[in-house]
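Taken in order, these protein sequences are the chains called E and G.
At position 3 of the first sequence the residue is numbered 3 (UniProt numbering), and the sequence of numbers has no breaks.
At position 232 of the second sequence the residue is numbered 232 (UniProt numbering), and the sequence of numbers has no breaks.
Worth flagging that the hints you see were computed from the coordinates, not collected in a lab.
One thing to keep in mind: the hints can contain errors.
Claimed, not checked - Computed cross-link-like contacts, DSS-like style, restricted to lysine-lysine with a CA-CA straight-line distance of at most 25 Å:
1. E/Lys48 <-> E/Lys143
2. E/Lys34 <-> G/Lys33
3. E/Lys143 <-> G/Lys77
4. G/Lys133 <-> G/Lys227
5. E/Lys119 <-> G/Lys143
6. G/Lys149 <-> E/Lys119
7. E/Lys149 <-> G/Lys77
8. G/Lys267 <-> G/Lys227
9. G/Lys143 <-> E/Lys77
10. G/Lys341 <-> E/Lys34
11. E/Lys133 <-> E/Lys269
12. E/Lys267 <-> E/Lys143
13. G/Lys121 <-> E/Lys133
14. G/Lys33 <-> E/Lys33
15. E/Lys143 <-> G/Lys121
16. E/Lys143 <-> E/Lys133
17. E/Lys48 <-> E/Lys190
18. E/Lys121 <-> G/Lys143
19. G/Lys133 <-> G/Lys190
20. G/Lys341 <-> E/Lys248
21. E/Lys360 <-> E/Lys310
22. G/Lys248 <-> E/Lys34
23. E/Lys121 <-> G/Lys149
24. E/Lys121 <-> G/Lys227
25. G/Lys119 <-> E/Lys121
26. E/Lys119 <-> G/Lys119
27. E/Lys77 <-> E/Lys119
28. E/Lys77 <-> G/Lys149
29. E/Lys248 <-> E/Lys267
30. G/Lys121 <-> E/Lys119
31. G/Lys143 <-> E/Lys248
As the list claims (entries may be wrong) - DEER-style ranges, computed between Cβ atoms:
32. G/Glu321 <-> E/Lys341: 51 to 57 Å
33. E/Glu106 <-> G/Asn223: 32 to 38 Å
34. G/Ile139 <-> E/Asp311: 54 to 60 Å
35. G/Asp315 <-> E/Gly219: 58 to 64 Å
36. E/Glu58 <-> G/Lys77: 44 to 50 Å
37. G/Pro88 <-> E/Lys77: 46 to 52 Å
38. E/Lys77 <-> G/Lys137: 32 to 38 Å
39. E/Pro59 <-> G/Lys222: 51 to 57 Å
40. G/Glu224 <-> E/Lys248: 43 to 49 Å
Source: prediction; values computed, not measured.
Glycine residues also receive a C-beta, built at the ideal position from the N, C-alpha and C atoms.
2 protein chains.
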Amino acid sequence: MIYIGSSLSINIGYKKEEVSKMSKHDFNDLSGKKPIFLLTIGNTETGKIEGITAAGEEPELTDLTPPADAEFLYYDKCRSIEGVPITPDGIPTPAVLSKASLNLIETQFLALDAGSNVKAKAPTIDLGGSPGKDIRKPIAVEKTEEILKNAQLIGRELSTDDGFLMLGESIAGGTTTAYGVLKALGYDTKVSSSLPQNPIDLKEKVVQKGLKNSDIEEGELKNEATKAIKMMGDPVLAALTGLTIGFKGDVVLAGGTQMGAVAALLKEKDALDSVCISTTKWILDDNSSNLRELTSEIGINLINSSISFKDTDFDGLRVYEDGLVKEGVGAGGLLNYAEEKVGKNRLLDEIEETYESLRKK
Amino acid sequence: MIYIGSSLSINIGYKKEEVSKMSKHDFNDLSGKKPIFLLTIGNTETGKIEGITAAGEEPELTDLTPPADAEFLYYDKCRSIEGVPITPDGIPTPAVLSKASLNLIETQFLALDAGSNVKAKAPTIDLGGSPGKDIRKPIAVEKTEEILKNAQLIGRELSTDDGFLMLGESIAGGTTTAYGVLKALGYDTKVSSSLPQNPIDLKEKVVQKGLKNSDIEEGELKNEATKAIKMMGDPVLAALTGLTIGFKGDVVLAGGTQMGAVAALLKEKDALDSVCISTTKWILDDNSSNLRELTSEIGINLINSSISFKDTDFDGLRVYEDGLVKEGVGAGGLLNYAEEKVGKNRLLDEIEETYESLRKK
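The whole structure should be built from the sequences, with the hints applied where relevant.
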């Protein structure tokens, strides 16, 4: 565990405005180790259910967003699409924030494919998976064991005493599958969303249907993490779990609810040592999700970036303050680490420059 | 450049027995940095020309050896074939030596695919290439630019202050394509072989035909490295060149003649800084190849492992002393580095154990 002092006690009953006063991030325990940032992309048919995800409003977006995010991190521009992934509301992908962070820090970086419909036009590591099925089908992730094994291998082979692992994801519909997995494992949880009005009722219906069609009760898979992924999850959850298990050293799960699900899976696999979650301020500000309670219940440390766009001139960034798009592509971890390394002002400048250069293209 | 003192002056006119007295290896300049070992696999139709390569005597062997080598390094066992790749003469792949070395050192490891006929049953990074054509055809490596770019990207993204890059290869027919590239660049060179009687005449004929059919004279591509790869090379040469260019830091090319060709390509691209070649004792003992003269002419340092099997009980290892199979799969670099880290005796024990466990399977 990476401890941040007494922050866990501060967390109970916190008020929204207190978020800014909490110990935001603590990479100090990582003693100067360098990050190895891995972005895992994938798809789940669940992301195409109408009304489930912002990307889902345009099905092509669910397919093209993950590879485009990977390409943006590698090349500073996407190759599978023009511009960058943007929600129908006009919010640019958090890959913009992640890329800006990567520009300022020293890290190894690779993209991995756990099962995407459209392959990235960039060199990725194929984890031998395939796109996930709608979780209302009996089996959602056919190649769960294969992905877990391959991811574990990669995690192991990238291990080094001088580095810690930071994991990000890009998969549309991933909060619904995360919710499904958490329910199967028995957690009483709420999940965030990329839509203005969190489609809680719809997600609840989808997950309940999924549990029923897989013939499992809530909490029935409490001791069967692999099966929980297989029945109710997505390929990316399998990959993130495997990578963490394989890596010998500290792991920072960079994300929100989806990383909460990974933590729950790791707990069942008794692999939660030296793992923490780092997310964005916007995730914690979201009243319709309860990540802090979830991580507290699981017993994993949660740290967060303090980056806020309330003072930016750019509408496309300030809209993050509305909490529509809140996380993704490892933003919660990369922003946090970059801020610690170079300071908030420099990071904000870089984000604005990165965003501005997109608008000029 | 990684210097090993006055070894270059010792090299002129060296006698075979002097090899054992030279400064064998010098990773001291790498100041405690950890290796990042990348194995690049691929194929070239040139490897199927009858009589060109030991693997070529069984065409399936040319296709299956590279992926099997990658699998052996990842899993301790191959998945594409039973046992391990063995020449018709009964000599086990140098992947056995490389794997033993990997077992004893701390390194990150990944396999990359530059263009193989049979994909490895293991997670590799796809460099967007395709198998190389017979070099007697006008164009040998159609996707040269793509492979160079992708490899450069990976080299860059894996860069870290704490590490140095070590590159190995597995491709049948690679010494012939290396010879072709060197001739196109204007080097007067001899090359080694995996066959008992180095088929020099045949290689010469193939390369001359290749130059003619690509409409180039010897040395005509002296200033056109990319074209030299395209006309006379193979996908793996493109990958190794790109990886080295992209990596920010020291690079050890772990191999023999093929790495000599990579060095020549890097020189043309003005990218030879902080690069050296580390090969096996058997390569330097081979009178039919002149790697020392070549590296001296190029201006790149050549170091070597001193590992010898003259005292082993295992025939399948002692046969390496006959100089039939001499190098490959990064053996020349991994043996060298492992020996420096853990000592010769421990390394020899590990190699024998690895080999013996194969025989039991």
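Status of the hints after comparison with the structure:
no.	hint	verdict
1	E/Lys48 <-> E/Lys143	holds (20 Å)
2	E/Lys34 <-> G/Lys33	holds (13 Å)
3	E/Lys143 <-> G/Lys77	holds (22 Å)
4	G/Lys133 <-> G/Lys227	holds (14 Å)
5	E/Lys119 <-> G/Lys143	holds (18 Å)
6	G/Lys149 <-> E/Lys119	holds (18 Å)
7	E/Lys149 <-> G/Lys77	holds (15 Å)
8	G/Lys267 <-> G/Lys227	holds (14 Å)
9	G/Lys143 <-> E/Lys77	holds (22 Å)
10	G/Lys341 <-> E/Lys34	holds (23 Å)
11	E/Lys133 <-> E/Lys269	holds (24 Å)
12	E/Lys267 <-> E/Lys143	holds (21 Å)
13	G/Lys121 <-> E/Lys133	holds (24 Å)
14	G/Lys33 <-> E/Lys33	holds (13 Å)
15	E/Lys143 <-> G/Lys121	holds (14 Å)
16	E/Lys143 <-> E/Lys133	holds (11 Å)
17	E/Lys48 <-> E/Lys190	holds (21 Å)
18	E/Lys121 <-> G/Lys143	holds (14 Å)
19	G/Lys133 <-> G/Lys190	holds (22 Å)
20	G/Lys341 <-> E/Lys248	holds (21 Å)
21	E/Lys360 <-> E/Lys310	holds (23 Å)
22	G/Lys248 <-> E/Lys34	holds (15 Å)
23	E/Lys121 <-> G/Lys149	holds (12 Å)
24	E/Lys121 <-> G/Lys227	holds (24 Å)
25	G/Lys119 <-> E/Lys121	holds (19 Å)
26	E/Lys119 <-> G/Lys119	holds (17 Å)
27	E/Lys77 <-> E/Lys119	holds (16 Å)
28	E/Lys77 <-> G/Lys149	holds (15 Å)
29	E/Lys248 <-> E/Lys267	holds (16 Å)
30	G/Lys121 <-> E/Lys119	holds (19 Å)
31	G/Lys143 <-> E/Lys248	violated (37 Å)
32	G/Glu321 <-> E/Lys341: 51 to 57 Å	holds (52 Å)
33	E/Glu106 <-> G/Asn223: 32 to 38 Å	holds (34 Å)
34	G/Ile139 <-> E/Asp311: 54 to 60 Å	holds (56 Å)
35	G/Asp315 <-> E/Gly219: 58 to 64 Å	holds (60 Å)
36	E/Glu58 <-> G/Lys77: 44 to 50 Å	holds (46 Å)
37	G/Pro88 <-> E/Lys77: 46 to 52 Å	holds (50 Å)
38	E/Lys77 <-> G/Lys137: 32 to 38 Å	holds (35 Å)
39	E/Pro59 <-> G/Lys222: 51 to 57 Å	holds (53 Å)
40	G/Glu224 <-> E/Lys248: 43 to 49 Å	holds (45 Å)
In summary, the one numbered hint that this structure violates is 31.
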